[in-house]
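Each chain, written out:
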Amino acid sequence: MGIETEYGIAVPGRPNINSMLASSQVVNAYANSALAGRQDRARWDYDEEQPLRDARGYDMSRAEADPSQLTDEDMGMANLILTNGARLYVDHAHPEYSTPEVTNPLDAMLWDKAGEHIMAEAARLAAQAPGGQPLQLYKNNTDNKGASYGCHENYLMDRQTPFIDIVSGMTPFFISRQIITGSGRVGVGQDGSESGFQLTQRADFFEVEVGLETTIKRPIINTRDEPHADPELYRRLHVIVGDANLSQTATYLKMGITSLTLSALEAGQLDASLMPHNPVAELHAVSRDSALTHRITTRDGRKLTALEMQWEFHEAATKHVAQQLGSDTDWQTQDVLDRWADVLDRLKRDPMSLASELDWVAKRALLDGYRKRDAADWDSPRLQLVDLQYSDIRPDKGLAYKLEERGRLQTLVSPEQIRAAVVEPPTDTRAWFRGKCIQQFGESVAAASWDSVIFDIPGRNALQRVPTLDPLRGTQQNIGDLMARADSAAGLVDELKGG
Amino acid sequence: MPTHERPQPNKSKQSDAESEDATALPQSQDSDSKEALDADVDAILDEIDDVLEENAEEFVRGFVQKGGQ
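First to last, the sequence lines map onto chains A and B.
Take the first sequence: its position 233, counting from 1, is numbered 233 in this note's numbering, and each next residue is one higher.
Take any residue in the second sequence, count from 1 to its spot, add 1000: that is its number in this note's numbering.
If you're looking for bench data, these hints aren't it; they were derived computationally from the structure.
All values reported here derive from a predicted model rather than from experimental measurement.
No false leads were mixed into what you were given.
The calculated label-pair distances, taken between Cβ atoms and stated as ranges, are: (1) A:Asp300 with B:Gly1067: 35 to 43 Å; (2) B:Asp1049 with A:Gly491: 53 to 61 Å; (3) A:Met352 with B:Asp1049: 15 to 23 Å; (4) B:Asp1049 with A:Trp378: 17 to 25 Å; (5) A:Asn16 with B:Asp1046: 29 to 37 Å.
Distance condition first, Cα-Cα at most 30 Å in a straight line; then the derived DSSO-like pairs of lysine-lysine: (6) A:Lys319 with A:Lys303; (7) A:Lys372 with A:Lys397; (8) A:Lys372 with A:Lys145; (9) A:Lys145 with A:Lys397; (10) B:Lys1066 with A:Lys397; (11) A:Lys348 with A:Lys319; (12) A:Lys145 with B:Lys1066; (13) B:Lys1066 with A:Lys217; (14) A:Lys145 with A:Lys217.
Just so you know, even glycine gets a beta-carbon here, dropped at the ideal spot from N, CA and C.
Pulled out of the complex, with its shape left as it was, chain A reads as follows (with noise of 0.2 Å):
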């Protein structure tokens, strides 16, 4: 699994700055932090990539795409490739952030984490630069002006699951997921224009049940259908219906609750029976609906709260785990479940007592508060600002991180824990191989992706590739005695060849 992320862009007093050039500035600018590792810009291999491919087994012309759609066209946009096996890169007008490949959610939440140090130590850097502006980043999703750029899950699944299946068992755990996942926001409507406080940045710009955009028309299941990974075993769930989280418990459930959610459909434990009658209509319902006591109306006439369709899905995953793994269950699937369940059980109680944990509880208690203290209304553009500024990502700015500061939004790992996941790699991966990479021999990768590294050794006239494609070989457990024996690029790659 993986977390993808675009971060807003702005400099404080010009509304107006040209956001692709901007955010190549802070990406450039990476690559001159020590932090990076000594390289020669790899360039991203997009030999793998097949973005037009549809899950639902055509692909689309290229003629036909949208220009935004056509993201294996290397625009000569800045592009890195870090030695914690990330990748740091433009994405239309907006810097992004994609972790490494992780085994679970709680690393799935510590290199995320680590991606928000990296994007305020890379836009510290361009500011400084010669002709440098003071750029701010955000980690939000929408501007409140129309715009939305997105924070999107990654899960591989087993390709013999059935597309419709995921449509109809999925589509429902997202809707109500929201009540967990949502980061707050402080408008309603794509503008922003209809005053009031949703639950999530995101529902408002999702217009379709299912589709291949992302950027037009956003469907609640996406069906791009890249699995980097053996296209026979394996398809890549893209979810591009959630939030951006400053939260780490927020974050860590929102991996945990759907992989296993996931797994349960996979097994079979998920059918129809909570597919909503109108899904984008009850997205947006949820969303808005501070209370939690709006109920949805499925397709065979029940109506159902977002809390009891969470409990559902919670019970579904509990008994897959059950019968899956039984007494092997690890420490981590268990802790999800727990707190899933707490959390449900602490919303329909009090929501207010997740303040500490779920980001739309604690920016709504801070909103809440100036509104009481200042009898400031939803217009108010300080209760705006205080929406917009809770995911500046400026340790001495960010809302989120004077809260957990002050102890008032928890955490689950150590700023230790996170400076390390700047540089080092999840080692249960490929991505252990790709940082490694980047890290031993970063002079000589000439190009990375997914599912490659390719390395340029001098004095050999072909540039050698050394495929990727299984997410869970690379690990420091297969070839960590094989990377600390390797003195040179081209030995490496040698030994690979001969074993």
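Keeping the supplied structure of chain A fixed, place chain B upon it in accordance with the hints.
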């Protein structure tokens, strides 16, 4: 990753570290009394007043993004 197997080699290797890890994650707890919470919120607001950007209206109006994914 076949998610239903949820492999976690770095955590499941040593069972001792495993249980420590499990307890290492802070557990959620019911919040303090309502009054204590309110007092704390006031203190937080004062602190946040100090870091909030100047001129909220202009700042929020100037935050304009191009579309994304």
